[in-house]
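Residues 10 to 381 in this note's numbering are what the sequence shown lists, from first letter to last.
Keep in mind that a hint or two might mislead.
[To be verified] Capping the alpha-carbon separation at 27 Å, the derived lysine-lysine pairs in DSS-like fashion look like this:
(1) K151 x K103
(2) K208 x K246
(3) K14 x K44
(4) K14 x K40
(5) K208 x K151
(6) K44 x K68
(7) K102 x K62
(8) K204 x K151
Hints were generated in silico from the structure; no laboratory data involved.
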Amino acid sequence: MEIVKIIIPFLIILTVLVFVHEMGHYLIARKNGVKVEIFSIGFGSELFGWTDKIGTRWKVCAIPLGGYVKMFGDADPSSSRKFDSVEMSSDEKKVSFHHKRLGERAAIVLAGPIANFLFAIVLLAGLYSLVGQRYAPPIIDKITMGSAADLAGLMVGDEIIQVDNEDIEKFDQLQRIVRPNPGKSLEFLIRRDKKIIQKVVVPKAIVGNDISGAKIVYGLLGVTSEQTVFIKHNIVKSTSLAVEETWVIISQTLTHIGEMILGERTTDELGGPIRIAKLSGAVADAGIVSSIWFMAVLSINLGLINLFPVPVLDGGHLFFYLIEFIRGKPLGAKAQEMASYTGLFVVIALMVFVTWNDLTQMNIINFFTSIF
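Using the sequences and the accompanying hints, generate a full structural model.
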């Protein structure tokens, strides 16, 4: 029963996000006159589907871990030469993806990630307008004895106005700054009795577990605020805040990835489908608001990952188009084919790595090792 509580929310969230992503491709393809042959949720054998009046086959397949839109004239590089041949009629060329202008092809590819970003903004704006934005002023109400804040000389009633030259407007910002910086010196600017005081705080490195059970190391300040309220905003303000939050999540994700590449963060934090599934079950138990928030964050990350310049991802296609724009002609079919195989290998290797991470972090590997 427990596994059902994990899998069902995961599949619902994943299906919605995949549908949004592929619908982005579909809508812009249709707008640019490209014939869409298949719109699929999932891979493998078709479970059910229908063909609409313009000839698009809409279907749901047996393996619900992704989806795709198949456009007429969109093939792998090794077979793309046939679209340049005289075998295709003039009417077919009009609806062929391969024969569209460079800008039109780029727009169709870019539409998937953009759809994910816009969907996240809609979800967040809805939360901020209907439920409200969680807000707590950056004023310390409690300090844990022996904590980083206590050792640095922070006091109850202090208002934190700046950390490492970043202005602090709400208490939540502290966690975003402190949590990823365990053991690092941070410069705090605080207001105490109408005076501005500077303090250097070193967040304690805490070894713990995230909501999925994976081990993580994070920074802890040791302060709390008890003035949390939820403030509802009008739709304009909510949308503005949603755009801002989306950008914050994107920039933080890119920063964390950069730190992993430089060795400043452990790759143990990378999670795959198993960890995401467990998180989906946990947020579903927490309620609809948490589930919507989680879906928004996942949608942002799905859009961002697809923009990475790795062949087989949307970003890889856009990279090819950039080269085509600079050269005035596309890369040769052989070069694109080799790049696509390399990109596929990278994606598969990454999936294996993050899945192994999930199994290890959740002690599943240790469990099976102990049996044998």
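Going down the list of hints, with the structure as the test:
1. K151 x K103: Violated - the C-alpha atoms of K103 and K151 are around 67 Å apart, more than 27 Å.
2. K208 x K246: The given pair, whose Cα atoms are some 34 Å apart, is violated under the 27 Å limit.
3. K14 x K44: violated, 39 Å
4. K14 x K40: violated, 40 Å
5. K208 x K151: With a Cα-Cα distance of about 18 Å, the restraint between K208 and K151 holds, given a limit of 27 Å.
6. K44 x K68: Given pair K44, K68 holds - Cα atoms ~16 Å apart, limit 27 Å.
7. K102 x K62: holds, 20 Å
8. K204 x K151: holds, 20 Å
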